[in-house]
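S.K.: Going by the working numbering, the sequence shown opens with residue -3, and the numbers climb by one from there.
Simulated from the structure, these hints should not be mistaken for lab results. Bear in mind the structure is a predicted one, so any value in this text is a computation, not a measurement. The beta-carbon is built from N, C-alpha and C at its ideal position, and this holds for glycine as well. Incorrect hints may have been included.
[What the hints assert, rightly or not] Label-pair ranges, simulated between beta-carbon atoms:
1) S275 x R132: 43 to 53 Å
2) R132 x G252: 37 to 47 Å
3) D249 x S145: 18 to 28 Å
4) E89 x D43: 11 to 21 Å
5) R132 x E277: 27 to 37 Å
6) E336 x P251: 42 to 52 Å
7) E374 x D43: 16 to 26 Å
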Amino acid sequence: MKRSERVSMKCLWGLAAAVCSIACSSQSGPQGEVSTRPAPARSAIQDAALRSLVAEVGAHRACELLRGRFLPLPEERTSRQHRTAEGRLWVDECRVEREGSTLTAHVAGRGWQWVERTAPGPFGSSFTVRGTVRLRASIDVTGAVDVTSDLTRHRALIAITPTEPPAAQVTPIGTIPLAPAGGWSGIIAGLGGLLGVSPRQQARPLLEQRAALTVRQQLADGVTVHLDLCTGQPDLLFGVVGDDEPIESPPFDEPGVRWVDNTRVHLHPGGLDLSGPWSTEEGDGAFELVVESGGPVRAQILCAEPAAQLASSFLASGVVPGAAGDGVRTRSGSEQLVHERGELRLSAAECEHPHVLLTSHRDAIVRTRVLRDGLDAEPLVGCD
């Protein structure tokens, strides 16, 4: 693959991720009162043809890159540009269309998300949803594409800002992890069958509505693909970055080191993180992880078929198969128990499309990075 093709593919993946990040995180049930916000002050390129070209590239190839991928669902309690993943969406439907410099995307799939929220129940009681919620999500979103060039900082920014509130449907799968908030709430929960007000029946629509409003408010600012012109490194940020606004450093921040993925993950007891596929078609690579707190963390490489089997089993049962050494077979040498820092090799000879499974019996914050052999800095402008 030529150098220019590699750079364009990196930018395209960033744009595809941006398209899906607006959609995939908009997990709403009934529509809440969320209005889009005006874009921040920035000297965006006014060339309509260039903006339309960028949108056309995204519309043409985004779904090819997104279908079958496990995309991170960010935690909902932060406004940081780099958000910690607390779930994944396994994309099985994708459609992106362009009209001028505006993109309209439809994304759907199954997945899971950690939820911790207290909601009012019947007769003055309250109930807490705390745990991993399995879900089916279908999302439609429309956003305008802007391109900004900042040669002083040697960066280019591709911003996608929603032009109207996203529309979405989310259906929880299986049992919702629910508990009464104690005292009177426990009494109401015990009498729920007699009173005809089952907390679990009420929890489902409450979960959909409240989660929807929170996440849609988060996404009112859209997303931005930041391209470092001195290295050729694209990076996905939440929110639209204005002129003179700083860029938040990624979880792994090493000058001159190019990466394929750079994410922070919050693992909860009994939960999992499943990422990928990480293609080895352009060369072998490595999956690095650093346990920042908690743990230890078990890391395993799964090829495409075992990864799909594991995800399907977890979505059906809520139990991680293979966590106790049964149910899922992995290739020899693909597993590590990491207390501080670990690395798994991604080898084309052993697995064409590897995925990485992370599990922990304790709460853990993990920093992960996917590298590819020979992926070096490729300056796009003079930076001396």
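S.K.: Take the hints in turn and mark each one as holding or not.
M.R.: Right, here's what the structure says about each hint:
For the hinted restraint 43 to 53 Å between S275 and R132, the CB-CB distance of approximately 26 Å leaves it violated. Between R132 and G252 the C-beta distance comes to about 42 Å, which sits within the given range of 37 to 47 Å. Our hint of 18 to 28 Å for D249 and S145 holds, since their Cβ atoms are close to 23 Å apart. The beta-carbon spacing between E89 and D43, approximately 33 Å, falls outside the hinted interval of 11 to 21 Å.
The hinted window of 27 to 37 Å between R132 and E277 holds, with their beta carbons roughly 30 Å apart. Distance hint check for E336 and P251: the Cβ-Cβ separation is about 23 Å, which falls outside the suggested range of 42 to 52 Å. Checked against the hint of 16 to 26 Å, the pair E374 and D43 passes, with Cβ atoms roughly 24 Å apart.
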